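**Q** With these hints in hand, go ahead and build the complete structure from the sequences.
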Amino acid sequence: RESTIYAGWRDPETGIGVVEIIERGSGQGWVPARVQQLTQRWKVGAVAVEYLGAGRSVGDKLERLGVEIVRMSGPDSSAAASRFLDDLQARVQVHDEKRDSSVGDAMRAAQVRRLKTGPVIEAKGTEPVTAIRAAVAAMWAADHTTDPEPEPAPFKIW
Numbered sequence: 397r398e399s400t401i402y403a404g405w406r407d408p409e410t411g412i413g414v415v416e417i418i419e420r421g422s423g424q425g426w427v428p429a430r431v432q433q434l435t436q437r438w439k440v441g442a443v444a445v446e447y448l449g450a451g452r453s454v455g456d457k458l459e460r461l462g463v464e465i466v467r468m469s470g471p472d473s474s475a476a477a478s479r480f481l482d483d484l485q486a487r488v489q490v491h492d493e494k495r496d497s498s499v500g501d502a503m504r505a506a507q508v509r510r511l512k513t514g515p516v517i518e519a520k521g522t523e524p525v526t527a528i529r530a531a532v533a534a535m536w537a538a539d540h541t542t543d544p545e546p547e548p549a550p551f552k553i554w
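Residues 397 to 554 in the numbering used here are what the sequence shown lists, from first letter to last.
Derived by calculation from the structure, the hints in this document are not laboratory data. As the structure is a computational prediction, the values presented were derived from the model and not from experiment. Check the hints yourself; a few may be wrong.
Pairwise CB distance ranges, derived in the manner of DEER restraints [as the list claims (entries may be wrong)]: (1) V508 with G449: 24 to 32 Å; (2) D407 with G462: 28 to 36 Å; (3) R437 with K520: 32 to 40 Å; (4) S453 with G411: 33 to 41 Å; (5) Q436 with T513: 32 to 40 Å; (6) R430 with R467: 15 to 23 Å; (7) P408 with T522: 35 to 43 Å.
Cross-link-like lysine-lysine pairs, in silico, DSBU-like; alpha carbons within 35 Å at most [as the list claims (entries may be wrong)]: (8) K520 with K457; (9) K457 with K439; (10) K457 with K512.
Glycine included, each C-beta is placed from N, C-alpha and C at the ideal position.
**A** In structure tokens, the structure reads:
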């Protein structure tokens, strides 16, 4: 399993969502300590964790480290996906200074399935879509930050 940390914010002039990859790696063991480092170094508005499956374990570890998280439930994840899909139509911006292809790869491997609670972004096949789900939740964090002008932007782990 792959984990990704993204920053997400809204352009102050257009309101369009912007995401930027912070770090990506194999497994999840490295994530809590790295997120803790980032929150201690930077003024972070919110850390959103998809509090389902493996994300729940990461969220629990973050809380034990003293990192305040925004827990995303299944309906929250659907709402975040819906908002992100709207942002895509408005041309969501992806900052990719690291030349990381994970978002594009995930977009090609993803499909949207409609549930009663809203859309869910999932894999079409065996290729992982964690990068796109991380970007979706980064925007959820941006929209649920406790600080309207965090520096750098809020980020999400998945």
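**Q** Holds or violated: the 32 to 40 Å window for the beta-carbon distance between R437 and K520?
**A** 37 Å, holds
**Q** Assess, step by step, whether the Cα of K457 is no farther than 35 Å from the Cα of K512, and give holds or violated.
**A** 31 Å, holds
**Q** Quick one: are D407 and G462 within 28 to 36 Å, going by C-beta?
**A** Holds, since D407 and G462 (Cβ atoms, about 31 Å apart) stay within the stated range.
**Q** For the pair we were handed, K457 and K439, check the Cα-Cα distance against 35 Å.
**A** It holds: about 20 Å lies between the C-alpha atoms, which stays within 35 Å.
**Q** Given the hint that K520 pairs with K457, does the C-alpha gap stay at or below 35 Å?
**A** Holds - the C-alpha atoms of K457 and K520 are around 30 Å apart, at most 35 Å.
**Q** Hint says 24 to 32 Å; check whether the CB-CB distance for V508 and G449 agrees.
**A** 19 Å Cβ-Cβ, so the 24 to 32 Å window is violated.
**Q** Mind checking the hinted window 33 to 41 Å against the Cβ distance between S453 and G411?
**A** 34 Å, holds
**Q** Please check whether Q436 and T513 have a Cβ separation lying inside 32 to 40 Å.
**A** 35 Å, holds
**Q** Honestly, do R430 and R467 meet the 15 to 23 Å range at C-beta?
**A** Check passed, 19 Å falls within 15 to 23 Å.
**Q** Does the Cβ pair P408, T522 satisfy 35 to 43 Å?
**A** With Cβ atoms ~40 Å apart, the hint holds.
Checked against the numbered hints given earlier, this structure breaks only hint 1.
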